[in-house]
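Student: Sequence:
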Amino acid sequence: MRFLGNIEAKVDSKGRVFLPAVFRKVLQGGEGQSLVLRKDVFQPCLVLYPEEVWNVQMDNLRSRLSRWNAVHQQIFRQFVSDVELLTMDANGRVLIPRRYLKMATIESAVKFIGMGDTIELWNAGNAEKPFMEPDEFGKAIESLMSDIDEKNQPDEV
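For the sequence shown, the numbering used here begins at 596 and goes up steadily by one.
Any given hint might turn out to be false.
[As the list claims (entries may be wrong)] Here are the computed lysine-lysine pairs in the BS3-like style, where the Cα-Cα straight-line distance is at most 27 Å:
#1 LYS697 x LYS609
#2 LYS734 x LYS605
#3 LYS734 x LYS724
#4 LYS634 x LYS706
#5 LYS724 x LYS746
Bear in mind the hints are in silico, worked out from the structure with no lab data behind them.
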């Protein structure tokens, strides 16, 4: 599953929004139409997980935490409890609960950003917030990729 690109859409008065067709098409290749919504851990946006991706994330987190550690239990509880299970209606819309729209300060317009296996939902008015300046991005990706290339070079004899 690969969600790519960014698309703006309108949120109606009931909190419904059309999932962009390009993302719906990717979901049709998956096991189902169920989506899990949660507030992002780091950014002021919402994240839509296809249910199968959510289950992998949840299992991955659980495998790193001990059930016998109180802090670990709090982390897991907080991660999995504040989610909403969404289903797409026949028209390709999802209903985003008001409290989630408020968390991400989304009012009438939303920007969907494909993040590979998830989709982020941002306030369209904060369109530049999730991105770096072009020069900053160029330097960051150059540094990251050159570090990876150096690690993948065979040792000289």
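Student: Hint by hint, say whether it matches the structure.
Tutor: Quick rundown of the hints versus the structure:
1. Pair hint LYS697 plus LYS609 holds up; C-alpha atoms about 13 Å apart against a cutoff of 27 Å.
2. Distance check on the hinted pair: LYS734 and LYS605 sit about 34 Å apart at the alpha-carbon level, beyond 27 Å; violated.
3. Using a Cα cut-off of 27 Å, the hinted pair LYS734 and LYS724 holds, with the two alpha carbons roughly 18 Å apart.
4. Between the alpha carbons of LYS634 and LYS706 the distance comes to roughly 15 Å, so the proposed pair stays at or under 27 Å and holds.
5. Annotation: proposed proximity of LYS724 to LYS746 is violated, straight-line Cα distance about 32 Å (limit 27 Å).
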